[in-house]
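Trainee: For reference, the chains in residue letters:
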Amino acid sequence: MNIPVRRFDTLILGAGGGGLRAALQLARADAHVAVVSKVFPTRSHTVAAQGGVNAALANVTPDNWHWHMYDTVKGSDYLGDQDAIEYMCRAAAHLVYELEHAGVPFSRLESGRIYQRPFGGQSREFGGAQATRTCAAADRTGHAILHTLYQQNIRARTHFFDECFAIDLIHDDDGTVLGVLTMDIATGEPLVIEAKTTLIATGGCGQLYRTTTNAHINTGDGMAMALRAGIPLQDMEFFQFHPTGIAGKGMLITEGARGEGGYLVNKDGERFMERYAPNVKDLASRDVVSRAISIEVREGRGCGPNADHVMLKLDHLGSDIVAKRLPGIRDTCKTFMHLDPVDTPIPVFPTAHYAMGGIPTDRFGRVVMPSGDSPEEVVPGLYAAGECACVSVHGANRLGGNSLLDILVFGRAAANDILGFLKNNRYHRPPNQDCIDKAYERFARWEKRGDGESVQAVRADLKKAMEDHCGVFRTEKIMQEGIDVIKAIRARIPDVRLQDQSKVFNTARVEALELENLADIAIATMRSAEARQESRGAHSRIDYPDRDDVHWMKHSLYTLEDDTLDYKPVRTKPLSVETFPPKKRVY
Amino acid sequence: MSGTTCQPGLERLRWQCRRGLLELDLLFEAFLDKRYSSLSDADKETFNQFLEQQDQTLQEWLLGKTAPEDEAMARMVKLIRDAI
Ligand SMILES: Cc1cc2nc3c(=O)[nH]c(=O)nc-3n(C[C@H](O)[C@H](O)[C@H](O)COP(=O)(O)OP(=O)(O)OC[C@H]3O[C@@H](n4cnc5c(N)ncnc54)[C@H](O)[C@@H]3O)c2cc1C
Chain A
192 MNIPVRRFDT LILGAGGGGL RAALQLARAD AHVAVVSKVF PTRSHTVAAQ
242 GGVNAALANV TPDNWHWHMY DTVKGSDYLG DQDAIEYMCR AAAHLVYELE
292 HAGVPFSRLE SGRIYQRPFG GQSREFGGAQ ATRTCAAADR TGHAILHTLY
342 QQNIRARTHF FDECFAIDLI HDDDGTVLGV LTMDIATGEP LVIEAKTTLI
392 ATGGCGQLYR TTTNAHINTG DGMAMALRAG IPLQDMEFFQ FHPTGIAGKG
442 MLITEGARGE GGYLVNKDGE RFMERYAPNV KDLASRDVVS RAISIEVREG
492 RGCGPNADHV MLKLDHLGSD IVAKRLPGIR DTCKTFMHLD PVDTPIPVFP
542 TAHYAMGGIP TDRFGRVVMP SGDSPEEVVP GLYAAGECAC VSVHGANRLG
592 GNSLLDILVF GRAAANDILG FLKNNRYHRP PNQDCIDKAY ERFARWEKRG
642 DGESVQAVRA DLKKAMEDHC GVFRTEKIMQ EGIDVIKAIR ARIPDVRLQD
692 QSKVFNTARV EALELENLAD IAIATMRSAE ARQESRGAHS RIDYPDRDDV
742 HWMKHSLYTL EDDTLDYKPV RTKPLSVETF PPKKRVY
Chain B
486 MSGTTCQPGL ERLRWQCRRG LLELDLLFEA FLDKRYSSLS DADKETFNQF
536 LEQQDQTLQE WLLGKTAPED EAMARMVKLI RDAI
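Chains as they are written, first to last, in the numbering used here: chain A, 192 to 778; chain B, 486 to 569.
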């Protein structure tokens, strides 16, 4: 098979905020840069981020990067790497001002300075009063950032491969990563893109779960590519759930609904949060509410024909309050559920929101993995940034507003390191033909004809299995069963066939490749979660309810080839300040 | 197969309906499955233009936060909302 080849200095997989920030840095330094995106760049998931981006600008309340760092370390439940966290929090203000200069229309205070709003987990003076740290461009922050970065890239002459699907990484005999095999979605034709460096910025994997806030494109493709290239994934057991997503659909019903006096009931009409959190009840923290909902459903007190959700009641608030203070929720319910929360309760269930884990990197965006005696050996030529990466600034739990910051900071950091790499590696190397053939085989396998299961059926079973066995309610038994279930589902994939063999915009074929990716990440997540015998951040085990710093203050690393887990220490030493030692995380 | 042979472009549209927002994915998917094939050619063309809009704008229109000024776009909003 003779596959056409294109060559660039540097290649970026993904055109979300992370990929585009990196591309801009590279294009401005006159590198010949290509960006590959499976959807048109401004349709990347970064557009969904409405809340904003954190930076200690101190425009509303006193603030500084060190307090932001403390909050992030604490929020991570002490699993975040303190060198990377310090680096991120120190860089934050500069990156936000840079965006402002580039044209992001941040909302303004009367003083003319950038508007900031308070978010949960933000404090002054290391755990004191509420801080106000999230910079917002109305409710379109992610959208504004993405569009601005895209325009700037066009100006800087970044080369875009739009609607182009990355399949697998290619490398040389020494393991240096040299680009990727892709499929042009419009024609169904393969193309090899060779480059001296490759940055993975393919975003998250919420589609692992049946109920998720993530768009359909968030299938963790880059994470799975790394796994198949022999690179372990880090901390995959940590997945952030939001307690109240619309049941079976996933869209968020903001905390504001409970803040305004809404409450949850089970099938008996019981206000069950009173049992789980007698004082704060429905305003308990996200993980507590999520777990309570999940327990109600497991113990048979769920609502609906399948008893698989609970109800959020707002009907006692009166139409005025709902219309005035919660208009967005009302619109969502009317559109998707054909119900008006003014008079009908909303079916809700915890919804998968954000993957803290991903491809292990250092704070320069370089992908690292254990090799010999070193826990963090650099994989030459390979970088990762954004939600697909685990640098790790979020540790066991991400704070709102820190993800947009993460993608900007580490997108730029990776680009800076790439520029150094390019200086020392001026020539293209020949890739290993076997690895191209192997990637091509995976792509061509979907041309097999005949009868077989459908992609949709297997994908639906996979997502349901993850929800049932690796959601917010985790015990050894449930997860051990889950491992078997996921393995059985994976074993069905070779028998899946596509009914539609057309080449042009064959969405079914893309979905088949995405299914393989999801299945690889599912096993990584399930195995990492089953192994971690403690509760920390978003990973909460009914059978191990406490955090165990003695045995578990370490990062998990799952390798697909031999289905094994390894661990590496948390980097507790910051760059210039004192370590924040682990404390009990109370808010 | 049938989709590709009798309605050129449906497959392309299906990929154009992949967006950065879950809400849009769900709305467009339902619309393509239930309603698109029975649209007039003119409406099909309007839908094509509709998809060129930005994700956040589409979301605001489709969830009823704002309304498009253009009449054809407003009609499309109604057709899509009716299909979910
Ligand atoms: C509803 C919602 C609200 C949020 N709000 C906030 C907020 O207010 N503040 C905050 O900080 N964070 C927020 N987040 C999180 C944040 O939006 C994301 O973590 C972040 O935008 C991820 O950016 P990214 O650049 O890593 O990836 P993405 O923006 O997801 O981009 C991924 C890119 O990779 C491409 N891609 C993927 N796979 C392939 C493939 N196989 N081949 C080719 N291209 C591929 C895609 O086309 C896309 O261009 C929110 C998340 C959700 C779901």
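Do not take every clue at face value.
[Stated by the list, open to error] Listed below are the simulated DSS-like cross-link pairs for lysine-lysine, each with C-alpha atoms no more than 30 Å apart in a straight line:
no. : chain 1 : residue 1 : chain 2 : residue 2
1   : A       : K774      : A       : K694
2   : A       : K639      : A       : K655
3   : A       : K654      : A       : K629
4   : A       : K515      : A       : K504
5   : A       : K525      : B       : K563
6   : A       : K515      : B       : K563
7   : A       : K655      : B       : K519
8   : A       : K440      : A       : K525
9   : A       : K654      : A       : K525
10  : A       : K694      : A       : K629
11  : B       : K550      : A       : K440
12  : A       : K472      : A       : K774
13  : A       : K694      : B       : K550
14  : A       : K654      : B       : K519
15  : B       : K529      : A       : K504
16  : B       : K563      : A       : K504
17  : A       : K525      : B       : K519
18  : A       : K515      : B       : K519
19  : B       : K519      : A       : K759
20  : B       : K529      : A       : K694
21  : A       : K440      : B       : K529
22  : A       : K694      : B       : K519
23  : A       : K504      : B       : K550
24  : A       : K440      : A       : K472
25  : A       : K525      : B       : K550
Honestly, the hints are just simulated from the structure, not real lab data.
Trainee: State for each hint whether it applies.
Mentor: Verification of the hints:
no., hint, verdict
1, A:K774 <-> A:K694, "violated, 56 Å"
2, A:K639 <-> A:K655, "holds, 27 Å"
3, A:K654 <-> A:K629, "holds, 27 Å"
4, A:K515 <-> A:K504, "holds, 17 Å"
5, A:K525 <-> B:K563, "holds, 13 Å"
6, A:K515 <-> B:K563, "holds, 24 Å"
7, A:K655 <-> B:K519, "holds, 25 Å"
8, A:K440 <-> A:K525, "holds, 14 Å"
9, A:K654 <-> A:K525, "holds, 26 Å"
10, A:K694 <-> A:K629, "holds, 21 Å"
11, B:K550 <-> A:K440, "holds, 20 Å"
12, A:K472 <-> A:K774, "holds, 25 Å"
13, A:K694 <-> B:K550, "violated, 39 Å"
14, A:K654 <-> B:K519, "holds, 24 Å"
15, B:K529 <-> A:K504, "violated, 40 Å"
16, B:K563 <-> A:K504, "holds, 28 Å"
17, A:K525 <-> B:K519, "holds, 19 Å"
18, A:K515 <-> B:K519, "violated, 34 Å"
19, B:K519 <-> A:K759, "violated, 51 Å"
20, B:K529 <-> A:K694, "holds, 23 Å"
21, A:K440 <-> B:K529, "holds, 27 Å"
22, A:K694 <-> B:K519, "holds, 24 Å"
23, A:K504 <-> B:K550, "holds, 23 Å"
24, A:K440 <-> A:K472, "holds, 25 Å"
25, A:K525 <-> B:K550, "holds, 12 Å"
Violated hints, listed in ascending order, are 1, 13, 15, 18 and 19; each of the other numbered hints is respected by the structure.
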